[in-house]
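There are 2 protein chains.
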Amino acid sequence: MTDKKVIRQRLRMMRTAMRESGLDYYLVPTADFHNSEYVSDYFKAREYLSGFTGSNGTLVISAEEAGLWTDGRYFLQAERELADTGIRLFRMQEEGVPDICTFLKRNMWEGQTLGFDGRVVTAAFGKRLEAALAEKKIRIAYERDLVDAIWPDRPAFPCSRAETVPETYCGKSTAEKLAEVRKKMREEKAGAFFLSRLDDLMWLFNLRGNDVRYNPVLMSYGFITETDACVFLQAGALQRETLDGMQRAGVGIRDYFSAGPFLREYFLGGQRRGAAVLYDCEQVNYAMFRIFRDYGNCREAANPTELLKAVKNETELSYIRSIYLKDSVAVTKFIYWVKRAVKEETLTEYSAGAYLDGLRREIPEFLNVSFPTISAYMENAAMMHYEAREDACSALEADGMLLVDSGGQYLGGTTDVTRTIALGAVSQGMKEHFTAVAVGMLRLADARFPYGCTGRNLDILARGPLWDRNIDYKCGTGHGVGYMLNVHEGPQSIRWRYRDGAREAVLEEGMIVTDEPGVYLDGRYGIRTENVLEVKKGLKCEDGQFMHFEHLTFVPIDLDAILPEQMPPREREALNRYHRAVYEKISPYLTGEEKTWLAEATAEV
Amino acid sequence: MTDKKVIRQRLRMMRTAMRESGLDYYLVPTADFHNSEYVSDYFKAREYLSGFTGSNGTLVISAEEAGLWTDGRYFLQAERELADTGIRLFRMQEEGVPDICTFLKRNMWEGQTLGFDGRVVTAAFGKRLEAALAEKKIRIAYERDLVDAIWPDRPAFPCSRAETVPETYCGKSTAEKLAEVRKKMREEKAGAFFLSRLDDLMWLFNLRGNDVRYNPVLMSYGFITETDACVFLQAGALQRETLDGMQRAGVGIRDYFSAGPFLREYFLGGQRRGAAVLYDCEQVNYAMFRIFRDYGNCREAANPTELLKAVKNETELSYIRSIYLKDSVAVTKFIYWVKRAVKEETLTEYSAGAYLDGLRREIPEFLNVSFPTISAYMENAAMMHYEAREDACSALEADGMLLVDSGGQYLGGTTDVTRTIALGAVSQGMKEHFTAVAVGMLRLADARFPYGCTGRNLDILARGPLWDRNIDYKCGTGHGVGYMLNVHEGPQSIRWRYRDGAREAVLEEGMIVTDEPGVYLDGRYGIRTENVLEVKKGLKCEDGQFMHFEHLTFVPIDLDAILPEQMPPREREALNRYHRAVYEKISPYLTGEEKTWLAEATAEV
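Chains A and B, in that order, give the protein sequences.
Heads up, the first sequence stops at 896 in this note's numbering, and the numbers go up one at a time, no gaps.
Heads up, the second sequence stops at 896 in this note's numbering, and the numbers go up one at a time, no gaps.
There could be a bad hint or two in this list.
Given that identical chains are not distinguished, each listed pair holds provided it fits within a single copy or across any two copies.
As the list claims (entries may be wrong) - Result set (DSS-like, lysine-lysine): computed pairs, CA atoms no more than 25 Å apart in a straight line:
| hint | residue 1 | residue 2 |
| --- | --- | --- |
| 1 | K480 | K428 |
| 2 | K474 | K418 |
| 3 | K418 | K617 |
| 4 | K765 | K827 |
If you're looking for bench data, these hints aren't it; they were derived computationally from the structure.
Please model the complete structure; the sequences and the hints are all you need to start from.
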């Protein structure tokens, strides 16, 4: 923990800087320039100023006060880390606690100025701030990163080496992808398209990098017109190979940090024939948004790249199928190991997770984990965002259940799988919940539906067995998964809630999506079973084009926690069918002992 | 059939009238001023001019040509009825057939004028015409009903007597309803609300009438502000009682035909303090829409009355439950009768339907049928809009299946129920489909779901058993039902298709909704089983407020066509449970013979 004195000192320096810049309040969120799921050290300004190390939090500073907003996961930790810093904790979502907009509206004086670095604030949040503060005529100064000046040993801006994805792996050249994007642009009557979403950029230009933890992406922007395309990258990321590849694809390269000035110039230069520039307001940061709004003739729209990226091509799918098999072998071996080892040696959540990571590392195509392995025992598994740390985690007992949610980044795909494993005796209640979760997972996987359905039509298949028991889980049932990219990807999802005006994506052949219902009982236990499914076309007839899923994940579902008599005949048959496939596909890669165990673990029920 | 010479004569007169008015094209649709589901004789101008008697069609006339657009249900009939009239048939939805907008855009000359009576054209269609014709600078003249002048014996404008719903039946006074509407208006920051939807008007002012066939409504408009409310009715509809009732509720009465001028004056008079007038663009006609657009400060929004009307209050629900029981008794008696009578006497679709109507008529609260009874045998049941006519319908045989979809208007509720009845031997294939439909109906009825779900979340429960067989039906699974009002009511529905921007209604306690999956095999047979369900609250717990349905309809599902071994255990149990309830509730109202039969017809499977 950073010394509290140091924190107080840093806040004093910030206040001096604010005074010198004429800023009355300053806001420091937790994000990079692209609102990535993880932020690298360079972007941990909020942690540097406050000492609070949680993954979610926003700091607000004025001459007299400072406040930090974070969510329920971090209340205890934040209390500890903020003590004696003079920073007040705002417990988000708790009754009577104002959100940031309300707080600023209430506390700022008419005519004052709010400062923040517009590059680390999303356009959506920036617009909410504007709306809240307009009435009091509060000025917003978003052009300067005030923290930079008072952070002498700031970590370097992330700049990994750009790697070109070999064409044998991506199945489609950048030139072909650009043609598809331009077709969509013409449909939208857009003269240009500004792309700021990192995984879309990587997909389009067949590049990968390592600028965001777990996400194999590069800090980048893209600008595409009917005739030209250009990618903004850091000079330090470039290699000969990248330059050649981009040149072959007819793509220009410009400096990453020149994207803003480039756009301003483009707009001021008259913006060719006035055709609108398309950009995705959900993805762009506030500073970029201001260029669009203040200078350009622009139109907000969903990234045309998002859907194109989500529908995997046959090359990608064949690598995905093969890598999911290898990944499933590792998880299956892990289950065999942990169920025995827990009886023989001292295991912790952390050591078990590390063992699984080790099994994945042995796969030749392995590059990295796709997110931090969640290894959560009993009540810890009821916490959605629990992360075991080597120095702070539970020991495993030969009893109860261990939830393991994990995945890998491979040359050939990105995986995501969850199994909840009985380590010994399991109560009848846990078995009932485990069985209901398995029924839901299998029922969704077994769905037959006409083309045109979205995740909102299907979600009830996974949740129904829980809803029948007056149980619901607070998260979605499924999300898209990238190909050698981010483990969370849109636009498709499996969710149920209606939100006025929200766009839904039709499930297209070639999409892949997770299927992960769960039961989370606070302070008791958590259960989740997650497979990844591929969307396939079925029969086409006069009533429509029918669709279905096929499993990509082949890992046994723990029969030690299944109550076969509670499964409807159809899902019981689906479980047996699935387990036959698991044995058939996985057993060739196992040792004799493992194979014997797997035969039992996939026996007909 | 009207003499073809007469039709040609009428068209000549129209063309003269058009010339005199400076109109180059004139459009005659099939609608009343409120886009009601049925039109009364006064509004059958299209039939008068063309001789075509179908329920859907639009006539377009110019000096040289005339065309009639109708849909696939009516192609054969229209060919026959339009022959020798000089009117060309445009088969809607057929390949290469232009829609009306495209046709007019193509055929009209720049600067010409299109005429129509803006009161019988929806605002939505009028806006589409505007958009299509703007480029050619075609003027739209919507102020005159040209047909009126050349239609000497035109039937009278519908003007039934206004009846006040006794407060014991409506459960809520107009004053209370107005308070609720005004609360919603304040939420929408609306200064006034203009209401043009007839069933909403009847609900709000606790009135009923008979101006639209099957819909117990009065031609009317309403205008509500924070302090005043006024209903526009025809003088001829008024009785002392109505006047008194409105006065007690603090509602002014104005003449129905003065609604347009009133609005214009309101807007020209400065429109109090500039607060916007709310209106529902989906419901208002083009002439009214033009007043809003040309004179007013207005805002399109869903009728605040629609949702209030859809959520039935406890008084309404208790009448509904009781009237559905009586209605179910009639339908049950009908099934008993038809299954025997078909073996003993000559029956037709029409005579069977008439027998059922007769049984309903014996119920003391009966007022009318709620829509024309559909009685369709075998292949006729595969046609969604089939209507048997006394002089043109199929004879029933003691074999195959009869689909009967029917309902009543009662003092105490509006009903809607469908049963498909085995009249004798039924093939295995038909039984399989019948069973799948029953499973779907029962599965939806048995759903448990958290508050917040809409019909799009649940639809798959009813369709899933058919989707599993690569079968889909082309219509929704369910719609709301009025209370002593229209049999089709929103805003809730059970559907699956995603339409960008479409609003969905959350299922609220007190809503009632139909549950009517079906199988329709062209040229072979049609099967539908329809119950009406009431939405109820279940357990409230930390995962949410759980909801479920309860049946309002209690009519046996024909076991002669059920394959119990094909039913999943849960739905088989649900069928048995439902049938126990049917026997318990219905048998007390049956004769001895009927009762014996019902015991068998509801026996456990």
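Taking the hints in turn, this is what the structure says about them:
no.: 1; hint: K480 <-> K428; verdict: between (37 Å within a copy, 24 Å between copies)
no.: 2; hint: K474 <-> K418; verdict: neither (31 Å within a copy, 29 Å between copies)
no.: 3; hint: K418 <-> K617; verdict: neither (46 Å within a copy, 58 Å between copies)
no.: 4; hint: K765 <-> K827; verdict: between (28 Å within a copy, 23 Å between copies)
Violated hints for the displayed structure, listed by number in ascending order: 2 and 3.
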